[in-house]
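Using the sequences plus the hints, can you model the full thing?
There are 2 protein chains.
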Amino acid sequence: MTGGEGAASDQPVVLVSHRGPVQFGRDGDERIQERGGGGLVTALSGLIPDLDHAVWVCAGITDEDKVVVAENDGGSFDAGDSDSPVRLRMVVVDDEVHDQFYGIVANPLLWFIQHQLWDTKVAPELTRREHDAFLDGYAEVNRSFADAVVEEVEACGGGATVMVQDYHFYLLPELVRSRCPEVFLHHFVHIPWPSSDAWRVLPPSMREAIFTGMLGNDVVAFHTKRSARNFVLGCQELLGLPVDLGATSVTVGDRTVVARAYPISIDTEDFEARAASAPVAEHRDALESTRRDHLLLRVDRTDPSKNIVRGFRAFDLLLRDHPELHGQVQFLALLQPSRQDVEEYADYTALIRRVVADINLEHGTADWQPIDLRLEEDLDLAVAAYTLFDVLVVNAVVDGMNLVAKEAVLVNRRDGVLALSENTGAHEELGELAVTLYPFDLQQQADALHEAITMPLDERRRRREAAAAHVRSHDVSAWFDAQLDDIADLRGSPST
Amino acid sequence: MTGGEGAASDQPVVLVSHRGPVQFGRDGDERIQERGGGGLVTALSGLIPDLDHAVWVCAGITDEDKVVVAENDGGSFDAGDSDSPVRLRMVVVDDEVHDQFYGIVANPLLWFIQHQLWDTKVAPELTRREHDAFLDGYAEVNRSFADAVVEEVEACGGGATVMVQDYHFYLLPELVRSRCPEVFLHHFVHIPWPSSDAWRVLPPSMREAIFTGMLGNDVVAFHTKRSARNFVLGCQELLGLPVDLGATSVTVGDRTVVARAYPISIDTEDFEARAASAPVAEHRDALESTRRDHLLLRVDRTDPSKNIVRGFRAFDLLLRDHPELHGQVQFLALLQPSRQDVEEYADYTALIRRVVADINLEHGTADWQPIDLRLEEDLDLAVAAYTLFDVLVVNAVVDGMNLVAKEAVLVNRRDGVLALSENTGAHEELGELAVTLYPFDLQQQADALHEAITMPLDERRRRREAAAAHVRSHDVSAWFDAQLDDIADLRGSPST
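Heads up: the sequence lines are chains A and B, in that order.
Position 320 of the first sequence, counting from 1, maps to 320 under my numbering, and the rest follow consecutively.
Position 370 of the second sequence, counting from 1, maps to 370 under my numbering, and the rest follow consecutively.
Careful, some of the hints might be misleading.
What follows is a set of in silico ranges between Cβ atoms, one per label pair, in the way DEER data are often shown [to be verified]:
1. Arg129/A / Asp341/B: 32 to 42 angstroms
2. Gly246/B / Ala346/A: 46 to 56 angstroms
3. Glu208/B / Glu362/A: 28 to 38 angstroms
4. Asp270/B / Glu362/A: 51 to 61 angstroms
5. Glu208/B / Arg26/A: 56 to 66 angstroms
6. Glu451/A / Gly103/B: 29 to 39 angstroms
7. Asp147/A / Asp341/B: 50 to 60 angstroms
8. Asp415/B / Asp489/A: 56 to 66 angstroms
In silico contact screen, one side only, chain B against chain A (beta carbon under 8 angstroms); selected entries [unchecked claim]:
9. Glu125
10. Val397
11. Gln443
What the simulated footprint calls covered on chain A by chain B, stretch by stretch (three residues with Cβ under 8 angstroms from a Cβ of chain B suffice, anywhere in the stretch; the number is not a length) [claimed, not checked]:
12. 184 to 198
13. 437 to 443
Worth flagging that the hints you see were computed from the coordinates, not collected in a lab.
Think of the CB as a built atom: it goes at the ideal place given N, C-alpha and C, for glycine as much as any other residue.
Written out as structure tokens, the structure is:
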């Protein structure tokens, strides 16, 4: 499927992510393996088997994970099944340390900074709790993972390619580099990298550790050019390092660190097969039986970065400006509740419910509810809705990529229009085929939704087909291959 | 006092600001002149009389202003007194237009964007109200002022230097340039210029108008290099223009627009005279009679950008970490209520009162209240407190300059320590002589306040004297002269 024949795979690969492809559990007396959660892990799980030699370093979280780790004396072991075998190295982290790492630093502190969600008038307020969590949680987990990575690198001769995933491991690259000088470090950040203004929410003790840690890499990869540029500008502004904006690179001593953009994508064959499946067809029939002339759709986690409330308020303006649409349009919102143990998320979900109730009360009739809100997770239902929408609403405040946009245009059967926030990674690729949404501007969003609803059919078709073709020709394998190719090039070049 | 002899003043100067140096009123049958409000206007009022030929374009706001404007057929006229004569051109703006311009667009929309105060999860929500206010209010006022500026420029031969002040007139420069090709346009922005991430709160229809309007200038001036850099980066990111980061300049067609930093200052002679005045002495005696060992002081408007709540919470941590300071330290907070008709400001003031009450309840005793909160405006009291503080607390989220820091170190008599946010303009000049505060980090602020309180006296003295010497040698005249000198240089150079 992917670059198993490429030069990059001549070197062993050590993959590092917080969640792994497998977690262990028990069913009575029997040990069972469950697939790890999340789209990223799923995507990588499909790609890793094609590498000649790879080991995946991830967290051991369940009780049974810890048993398996002990059985293997903390070392790596084979897991997965014959379809997707994988060599795993699980790092067991003390529960309290993990809570500090994950529940205080990674989420919400880093997530909110990188999605620009802090209400800086009053939040955050960093106290000893956050300082301790950074040192005893985040840094400690990075050290534990670095130890495991170093062992795995050394076990395969010291020259491995290490591919680190995401915002959980900003300190790890420098820790690995200092002990493995022959290693090649590639780090993919799947969430947006904001400007220095946002990073200044952290004191230098944290932000400099993060930037310095990341500069242990050879390549820092993002979904967008905007993030790559912000990273390089931040190195100049916060660390005073010389940079080359044209090459988006940073000079650190005698090394050059490059920042690159590789927009992630989906497994198009797999996704189209799912869209053609029986469970999806059942949901589609049910949705078809109640559909109105114009189906607006959004599919999101209830994360404030998704901008769900403003999306509904824009829809409210649309209904006010266009009474002719009453009864003709319905906004189906499939929202998966997310992180409800975090206050900001629970508050946001409550606000969503309040706003939907108000709009349905204001405009609804005995046989028409303008917004059909479903707070649940059902991927088959979502895929069924993808095939049926007339307008897909993606108005995120900011979003690393937004794969919903790619999934939905791929399988849609009604020449649906993509209404896409300028601040999504997907907009760098698909913006010209979409109706652009400016996420803070309700009136603009209302006007854009109207433009999408009333767009001539041939124009809708041209755009949807071009968007689907783009996604097909830029699928997740192409995304991974592009990274492996660049790694091979850079490993071969004398400058790194 | 200033560059009346400089080359720049060979050309007439047209000064543009929202508030002018004078406003007219009535006392019975008699017309009276009152000095306009605000530190900026006061500073400029002291500088303008030294120019050979200057006219000041400002808003005519009071009823009597409008009478005076009508008496002069809308043209310019002499005003002020023999000490500070000024030629005025007042622009009368319809009340409703002015409300849209000032109360919706300039404050809070632009102010909040530039101080990064929006809670982007939920605010702002731009609707037709804001779009209309931008077009019918902000743009309309800019057009009216541009008309007046063009008339004044033409009246003096077309080659005047136009010096525009602040965030009320971002559209004006391009409007003037298009009609007066011989003019030299210099625009001072007194509030921070943030990164593009913050400007993307506005849709392109507004943000592009703002950047394009500003690029009508020859010089765009700020208090800090950080703002100048952000402006240039924004031109590249939002308009796609070629820039030179080293020279902080932007190429627009065949023109070059330079962004420069000129940190504003105070009239040191005037301020030291006030500090020696009888009313200040009276306040000082009263403060001295009740002082504790360590006097912490802050003097601010109740603007969320000033970060008053986090400052108190940091003080709370200080008291928790250091019980030995109980009864020994007092935090005097002189806070001038600001914009209480704006919801965010009223909420913020209420929160300040709540937090102070909680802290005084928690730590206070029968004869010691840790925080002495005074919600009033009394400049003599503030100056008296400047002379007495041990630690001045300036922990702003972000602040264009913060002149309180300069005023206070100049007249302090106790070798007081400046505790200064890294995000103030003053920090670029005085940061090395201050204890730096990281505005989102309560623990760091508490630790820094403790460091300031316990700093050895000779170190305190060395820093305070060096800071005062810096302010004396970089006073407001030097600030203005530096701009006039650069204008003369740039007018003489062939590239502009």
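Against the structure, the hints come out as follows:
Judged by the Cβ atoms, the range 32 to 42 angstroms given for arginine 129/A and aspartate 341/B holds: they are separated by roughly 37 angstroms. A beta carbon spacing of about 48 angstroms between glycine 246/B and alanine 346/A agrees with the range 46 to 56 angstroms that was offered as a hint. Distance hint check for glutamate 208/B and glutamate 362/A: the Cβ-Cβ separation is about 34 angstroms, which falls inside the suggested range of 28 to 38 angstroms. Under the hint 51 to 61 angstroms, the C-beta atoms of aspartate 270/B and glutamate 362/A, about 58 angstroms apart, fit the expected range.
Checked against the given bound of 56 to 66 angstroms, the beta carbons of glutamate 208/B and arginine 26/A, roughly 60 angstroms apart, stay inside it. Between glutamate 451/A and glycine 103/B the Cβ separation comes to about 31 angstroms, which falls inside the hinted range of 29 to 39 angstroms. Taking 50 to 60 angstroms as the suggested C-beta distance range, the pair aspartate 147/A and aspartate 341/B conforms, at roughly 59 angstroms. For the pair aspartate 415/B and aspartate 489/A, the supplied restraint of 56 to 66 angstroms holds, since their beta-carbon distance comes to about 60 angstroms.
Because the smallest distance between the Cβ of glutamate 125/B and any Cβ of chain A comes to about 5 angstroms, under 8 angstroms, the interface hint for this residue holds. About 6 angstroms separates the beta-carbon of valine 397/B from the nearest beta-carbon of chain A, less than 8 angstroms, and the hint is met. Satisfaction of the interface hint for glutamine 443/B is found here, the shortest Cβ-Cβ separation to chain A being roughly 5 angstroms, below the 8 angstroms cut-off. Against chain B, the stretch 184 to 198 of chain A contributes 5 residues with a C-beta closer than 8 angstroms to a partner C-beta. That satisfies the three-residue criterion, and the hint holds.
Under a criterion of three residues with beta carbons nearer than 8 angstroms to beta carbons of chain B, the stated coverage of the stretch 437 to 443 of chain A is upheld, 5 such residues being counted.
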